[in-house]
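Q: Listed below, chain by chain, are the residues.
Number of protein chains: 2
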Amino acid sequence: MTRRCIDLGERGLVGRITEILEIGERDDCALAEDGERYLVWTTDMLHRRADFPGIATPWQIGWMTVAVNLSDVAAMGAVPLGLLVAAGIPPQTEVSFVEEIFRGMKGCASRFGTRVLGGDIDSHDELTLVGTALGRVEKELVLRRMGAVPGDLLCTSGTLGSAGAGLRVALAAEEGGEGIGDPGLRALTRRLLEPSPRVREGRALALSRSVTSMMDNSDGLALSLFDLSEASGVGFLVREDEIPVDPLVGRVAEDDDDALDLALTAGGDFELVFTVRPERIDEARQACELTVIGEVLEERVMVIESDAEIRALEPRGYQHMMRL
Amino acid sequence: MTRRCIDLGERGLVGRITEILEIGERDDCALAEDGERYLVWTTDMLHRRADFPGIATPWQIGWMTVAVNLSDVAAMGAVPLGLLVAAGIPPQTEVSFVEEIFRGMKGCASRFGTRVLGGDIDSHDELTLVGTALGRVEKELVLRRMGAVPGDLLCTSGTLGSAGAGLRVALAAEEGGEGIGDPGLRALTRRLLEPSPRVREGRALALSRSVTSMMDNSDGLALSLFDLSEASGVGFLVREDEIPVDPLVGRVAEDDDDALDLALTAGGDFELVFTVRPERIDEARQACELTVIGEVLEERVMVIESDAEIRALEPRGYQHMMRL
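Chains as they are written, first to last, in our numbering: chain A, 1 to 324; chain B, 1 to 324.
By construction, these hints were calculated from the structure, which means they are not laboratory data. Ideal Cβ positions, reconstructed from N, Cα and C, are used throughout, including at glycine. Check each hint, because a few of them may be wrong.
What the hints assert, rightly or not - Covered stretches of chain B, going by a simulated chain A footprint (3 or more residues, C-beta under 8 Å):
hint, stretch
1, 1-8
2, 96-106
3, 111-120
4, 124-132
5, 143-153
As the list claims (entries may be wrong) - Sample of chain A residues with no beta-carbon within 10 Å of chain B, all distances over it, derived:
hint, residue
6, A30
7, D34
8, L185
9, R280
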């Protein structure tokens with residue numbers, strides 16, 4: 001029987017490819033040796049229909065392209081050195097639209113202390129933007145997905161769910177063909193379309209020497225925890241009541257369960273999820289505004305606790321290939 | 001009036017973008033500081049319809065994706081450190097087809113002493129492969145597009161025109177719906193679909209300290225010379241009779257003029273074009289099999305000489321955006 005990619009799903013396909021390429025540990029970035037440091041680098045493909053809601057401005061499209069890559073560099077505790085961008089552009093696109101995309105890229109790179117250094121332009125049926133970010137981190141400071149130890153505290157930066165809520169607002173606005181008048185709802189779409197990669201926080205956490213494992217939560221908190229679990233060979237207990245759901249999410253969610261679901265599975269928040277040695281939690285707090293949302297378990301189970309009830313955490317989240 | 005990308009052309013659009021991003025010198029790779037060395041890195045977007053003839057096997061598609069990026073690293077005189085690949089894959093693609101692509105990537109990377117270290121998988125309407133290559137070169141050895149000095153010898157590695165001739169063979173085979181029985185014609189398509197980036201040669205030329213400027217000729221020799229001319233602020237005299245047209249090109253070309261045209265403008269050969277200080281031409285020859293095809297002029301003119309007749313060299317070659 002012929003097996004097609006859609007049957008395998010994104011994560012299944014990635015598994016086959018990493019086997020062919022003999023890639024060992026998977027992290028947010030690939031690592032290359034550089035004396036006492038690692039070069040870390042990452043690439044991310046975004047395209048018009050799947051990744052950018054209709055209401056996204058070209059400037060926001062550019063910003064996102066840079067932001068998602070810087071988030072991966074941040075997740076390694078690295079300092080970004082620069083970015084490249086390969087852009088596939090429909091030939092009939094207005095030049096001013098393309099210029100705005102690149103101004104958005106420049107804006108995001110510059111906001112986080114780095115630059116777009118070059119790239120490639122090509123024609124394409126669908127607008128396709130592939131960013132690549134390069135960073136550098138001392139070997140003794142690098143933060144990886146593996147390293148979590150039972151008893152460590154499970155933490156997240158920032159608040160969760162607002163990007164997922166922002167996507168609902170964006171899709172509703174597209175359908176209705178109307179602008180978004182309400183400032184709170186507009187703020188949610190900005191969380192989606194102008195994410196702030198945690199570059200400063202990731203670096204500060206690395207320097208704090210308190211973190212044992214880390215990644216970004218681009219596909220949602222739940223899937224990230226499954227990735228950390230696999231890399232570290234541990235389990236997680238998440239305390240539902242401690243999850244820092246963004247207060248604005250309530251404006252969009254149907255109820256508390258729905259809000260929690262957005263925070264756990266919607267993705268796009270580009271926060272850091274990481275584990276901290278309990279005796280160094282103060283150092284971690286000085287490095288980054290964080291919330292302790294659970295702990296690392298020796299047994300490889302994934303559970304979520306609320307009102308003394310414990311249930312299994314489901315591996316749901318954003319998977320590109322399966323969306324189609 | 002609304003200006004569209006197709007009106008501006010690839011090179012026009014790249015000009016606008018490099019202005020926005022404040023990119024100064026343009027080279028085959030972007031440069032990042034690394035103490036006494038530079039990190040060099042490059043990205044290239046390829047897609048099914050525009051870049052891979054129908055007869056290309058998935059293995060060849062993978063090989064090409066890696067080869068075009070390694071060629072840019074070679075053109076800087078750098079040692080490759082690794083590659084990343086972002087792949088946009090139609091969800092209905094057979095898994096075995098994708099696996100073959102990645103085996104081809106691995107084959108090419110490994111053939112030139114490096115590895116694919118990671119990447120990103122996404123679904124896309126059209127198969128789209130974006131490679132990124134990273135390399136490293138000592139600052140005192142780096143070879144750039146600027147640096148050619150009047151009186152320098154203009155050189156090329158290898159032979160030219162076979163990739164362009166191979167494309168004709170491939171397109172004819174596609175139209176006829178037949179295989180390619182003739183070994184000579186098959187060899188031409190392999191030059192097109194399995195190019196050999198000049199990684200060893202580029203590095204040896206850098207170490208020879210004989211080269212003053214260099215780039216690869218991916219868009220064809222003529223356009224490459226215009227790029228070198230602009231970067232170095234010099235002109236070129238090319239001697240038509242010295243251009244090393246691949247002998248197999250005669251099997252496909254209509255006449256000698258057509259064969260020359262393929263060698264000058266068809267692109268895809270992935271040879272190195274470079275300038276050498278006359279007193280060090282022997283060192284350059286030891287580093288790389290080369291042909292002296294002309295010389296660097298003080299005046300910024302681009303001319304080609306045959307039978308004592310001198311005419312202008314036209315800036316024709318492969319430009320993606322203008323092809324559609």
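Q: Taking the hints in turn, state whether each one holds.
A: Comparing the hints with the structure gives:
Counting residues of the stretch 1-8 of chain B whose CB lies closer than 8 Å to any CB of chain A gives 7, so the stated coverage by that chain holds, three being the minimum. For the stretch 96-106 of chain B, the stated coverage by chain A is satisfied: 7 residues place a CB nearer than 8 Å to a CB of that chain, which reaches the threshold of 3. Counting residues of the stretch 111-120 of chain B whose C-beta sits closer than 8 Å to any C-beta of chain A gives 6, which meets the bar of three, so the coverage hint holds. For the stretch 124-132 of chain B, the assignment as covered by chain A holds, since 6 residues bring a beta-carbon within under 8 Å of that chain's beta-carbons and 3 suffice.
Counting residues of the stretch 143-153 of chain B whose C-beta sits closer than 8 Å to any C-beta of chain A gives 0, which falls short of three, so the coverage hint is violated. Once the 10 Å rule is applied to beta carbons, A30 (chain A) is inconsistent with being away from chain B; the minimum gap is 4 Å. Once the 10 Å rule is applied to beta carbons, D34 (chain A) is inconsistent with being away from chain B; the minimum gap is 7 Å. Annotated as non-interface, L185 (chain A) keeps its C-beta farther than 10 Å from every C-beta of chain B; the closest such distance is 29 Å.
At the 10 Å boundary, the C-beta of R280 (chain A) stays outside the reach of chain B, the nearest C-beta of that chain being 30 Å off.
When each numbered hint is compared with the structure, violations occur for hints 5, 6 and 7.
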